[in-house]
Amino acid sequence: MKCRVCRGPAVIDIRRHNANFCVDHFLRLCRDQVTKAIAEFSMLERGDRVLVAVSGGKDSLALWDLLRELGYEADGLYIGLGIGGYSDRSGEAVKAFAQERGWPLQVIDLRDEFDYDVPTAAKVTKRVPCSACGLSKRHLFDKAALDGGYDAVATGHNLDDEAAVLFGNTLRWQTEYLARQMPVLPARHGFPRKVKPLVSLGEREMAAYCVLRGIDYIVEECPMAAGNKHLGYKEALNEIEARSPGSKHAFYFGFLARAAERFRDAAPDGPEESGLGLCTRCGAPSTNELCAFCHLVERSAGAEPVVLTTKGAR
Amino acid sequence: MGGVKVHLRNPSRTIEHPGPVSIVALLQKLEVNRESVLVIRGGTLVPGDALLADDDEVEIRPVISGGAA
Numbered sequence: 001m002k003c004r005v006c007r008g009p010a011v012i013d014i015r016r017h018n019a020n021f022c023v024d025h026f027l028r029l030c031r032d033q034v035t036k037a038i039a040e041f042s043m044l045e046r047g048d049r050v051l052v053a054v055s056g057g058k059d060s061l062a063l064w065d066l067l068r069e070l071g072y073e074a075d076g077l078y079i080g081l082g083i084g085g086y087s088d089r090s091g092e093a094v095k096a097f098a099q100e101r102g103w104p105l106q107v108i109d110l111r112d113e114f115d116y117d118v119p120t121a122a123k124v125t126k127r128v129p130c131s132a133c134g135l136s137k138r139h140l141f142d143k144a145a146l147d148g149g150y151d152a153v154a155t156g157h158n159l160d161d162e163a164a165v166l167f168g169n170t171l172r173w174q175t176e177y178l179a180r181q182m183p184v185l186p187a188r189h190g191f192p193r194k195v196k197p198l199v200s201l202g203e204r205e206m207a208a209y210c211v212l213r214g215i216d217y218i219v220e221e222c223p224m225a226a227g228n229k230h231l232g233y234k235e236a237l238n239e240i241e242a243r244s245p246g247s248k249h250a251f252y253f254g255f256l257a258r259a260a261e262r263f264r265d266a267a268p269d270g271p272e273e274s275g276l277g278l279c280t281r282c283g284a285p286s287t288n289e290l291c292a293f294c295h296l297v298e299r300s301a302g303a304e305p306v307v308l309t310t311k312g313a314r
Numbered sequence: 001m002g003g004v005k006v007h008l009r010n011p012s013r014t015i016e017h018p019g020p021v022s023i024v025a026l027l028q029k030l031e032v033n034r035e036s037v038l039v040i041r042g043g044t045l046v047p048g049d050a051l052l053a054d055d056d057e058v059e060i061r062p063v064i065s066g067g068a069a
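Chains as they are written, first to last, in the numbering used here: chain A, 1 to 314; chain B, 1 to 69.
A few of these clues could be false.
What the hints assert, rightly or not - Capping the alpha-carbon separation at 30 Å, the derived lysine-lysine pairs in DSBU-like fashion look like this: (1) B/K29 x A/K2; (2) B/K29 x B/K5; (3) A/K2 x A/K36; (4) B/K29 x A/K36; (5) A/K229 x B/K29; (6) A/K123 x A/K143.
None of these hints come from the bench; they were simulated from the model.
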């Protein structure tokens, strides 16, 4: 296999590009794809301060590395979710990554600061764990970004993530979600701008980027996510991709170019339009006296912690 | 008797496969979708057409992560 650019020995083939790349040209491809996505969707401007949501996995650490490589002032925020040894190892990976590079990292531990963790909140509120996790992370990332004066929150959602979410939303025609599935969500009152600079890179490419950059990420999967619908959608899309390379890219970017606009009216109103009030506890926009996060904290804090076993929560 | 040592995950295990064998052939034999893994040897990536010999040791690393939030 030879590199498409320099004809030197290639280390990776990317079938949707029908091309192979050496280390240097693969890393350049990743930087170029991120640069292009940021420009195409007006995600960031030079001089923006960016808060990167880091989990210890390949995507978020690669994103942090890429944004720094591209010259952005990017700091990290890690949230300790309390998912047993998985969270312990994730936190260690993030802290080591940040420390080695001397990059600013803020850490929020749900158990230490709010007296709950994701497995316990999921059980108490009868939410699926990914829902309790996502709600907690979104709220805390928003708050940290606003409190810290950041211009945007950047997350490591890659092409596979976005294609799988689109697949799930399309299967059920969840139009209100389709309306919001964009690579950038502008800032609104009470919410920071949110950007996804990795949308044109697949997760195989992100894992390869980490290996080639020597980024020591957490390879193990979150035990709470095992067997969830999202993984099933990814597997289904990868079966299609193996037969027809480029399908995931065509599906997602075709949606953005030719379909997303049609769902705009299905987007729920923002707080200004709908006359939302503010959470009486934390001040976040909310339709109720307490926002969803504070409601979750109120129900979960102090509850008997769920103990994780190798077979799952009990 | 030796062979290519192949480390797999989920569940974590090590198998041996007779060499020489190409990465593409090995993944086909193991019924692993190439889109969902990387093959790593000595800390770096192994291209699809590389031939593995009996004394080689590789990791087949899944790249799919599942958080939808």
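Each hint tested on the structure:
1. A distance of roughly 25 Å separates the Cα atoms of B/K29 and A/K2; the hinted pair therefore holds under the 30 Å criterion.
2. A hinted pair counts as satisfied when its Cα atoms are at most 30 Å apart, and B/K29 with B/K5 qualifies at roughly 14 Å.
3. Between the alpha carbons of A/K2 and A/K36 the distance comes to roughly 25 Å, so the proposed pair stays at or under 30 Å and holds.
4. With a C-alpha separation of about 38 Å, the suggested pairing of B/K29 with A/K36 is violated against the 30 Å cut-off.
5. Distance check on the hinted pair: A/K229 and B/K29 sit about 27 Å apart at the alpha-carbon level, within 30 Å; holds.
6. For a cut-off of 30 Å, the pair hint linking A/K123 to A/K143 stands: about 25 Å separates their Cα positions.
Against the hints set out earlier in the document, a violation occurs for number 4 only.
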